[in-house]
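> So that you can map any letter, position 113 of the sequence shown is 113 in my numbering, and since no number is skipped, the others follow by simple counting.
The hints are simulated quantities; they were obtained by calculation from the structure and are not laboratory data.
Mimicking EDC-like on lysine to aspartate or glutamate, the simulated pairs with C-alpha atoms at most 16 Å apart in a straight line are:
#: 1; residue 1: Lys164; residue 2: Glu154
#: 2; residue 1: Lys110; residue 2: Glu155
#: 3; residue 1: Lys87; residue 2: Asp35
#: 4; residue 1: Lys164; residue 2: Asp186
#: 5; residue 1: Lys110; residue 2: Glu154
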Amino acid sequence: MSLALPLSLAGLLAAPAADLAPLVRATQRLARDPDALTVVWWLPPSFIEGIMEQGPMSSEERLERRQTLAALDGYALFALLHMSRDKSGMLAAASRDEVLKNSRLEVQGKTLSGVAPGQVSPEAQDILDGIRRGLIGSMGLNGQALYIVAYPAEENGLPLFDPKVVPQFTFHLYGHEFVFSTRLPDIHSVPAAATGNTARPRLAS
Numbered sequence: 001m002s003l004a005l006p007l008s009l010a011g012l013l014a015a016p017a018a019d020l021a022p023l024v025r026a027t028q029r030l031a032r033d034p035d036a037l038t039v040v041w042w043l044p045p046s047f048i049e050g051i052m053e054q055g056p057m058s059s060e061e062r063l064e065r066r067q068t069l070a071a072l073d074g075y076a077l078f079a080l081l082h083m084s085r086d087k088s089g090m091l092a093a094a095s096r097d098e099v100l101k102n103s104r105l106e107v108q109g110k111t112l113s114g115v116a117p118g119q120v121s122p123e124a125q126d127i128l129d130g131i132r133r134g135l136i137g138s139m140g141l142n143g144q145a146l147y148i149v150a151y152p153a154e155e156n157g158l159p160l161f162d163p164k165v166v167p168q169f170t171f172h173l174y175g176h177e178f179v180f181s182t183r184l185p186d187i188h189s190v191p192a193a194a195t196g197n198t199a200r201p202r203l204a205s
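Let's have the full structure, built from the sequences with the hints guiding it.
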């Protein structure tokens with residue numbers, strides 16, 4: 001499979017998309033205060049698929065992109081960000097190691113650890129890098145501020161994150177407890193042309 005796809009994915013993420021606002025509201029959690037910003041953004045397969053399928057494409061192209069996304073099977077993806085004011089009063093981004101040290105994902109009574117980058121397949125890592133570049137470009141964030149972390153999405157062959165049911169998990173990040181318990185909307189049920197919404201994926205206000 002071509003490794004150029006993540007570059008295309010990054011472009012699609014930054015390009016006008018269908019009405020993703022309901023899905024963003026269901027998957028994004030953030031905490032703001034005068035001195036810090038903390039974000040946990042769950043990136044379920046429906047979100048990635050919805051973005052990748054924007055714009056005209058042949059059935060062959062659509063099939064190829066879905067086959068490429070199969071590299072992410074077995075992973076649950078989260079975009080994590082934490083920025084706080086330093087001694088000079090400027091907002092500084094926490095490093096990936098700091099973010100992971102101050103995070104905890106709890107699902108079905110289990111605490112999950114992020115998959116180390118070296119343990120993710122090269123194909124999956126290419127896609128994760130493309131997603132990160134696209135989200136950074138779309139939201140206008142500093143390149144070091146946002147991290148895509150993969151977590152195991154199944155255990156003993158059973159899914160820990162089942163998109164067909166209401167999600168029930170909690171993500172702890174820098175003392176904030178973000179609960180996910182909202183059924184994911186079907187973004188394909190409301191075409192962008194019907195809503196008139198062509199907004200880019202970005203941080204919810």
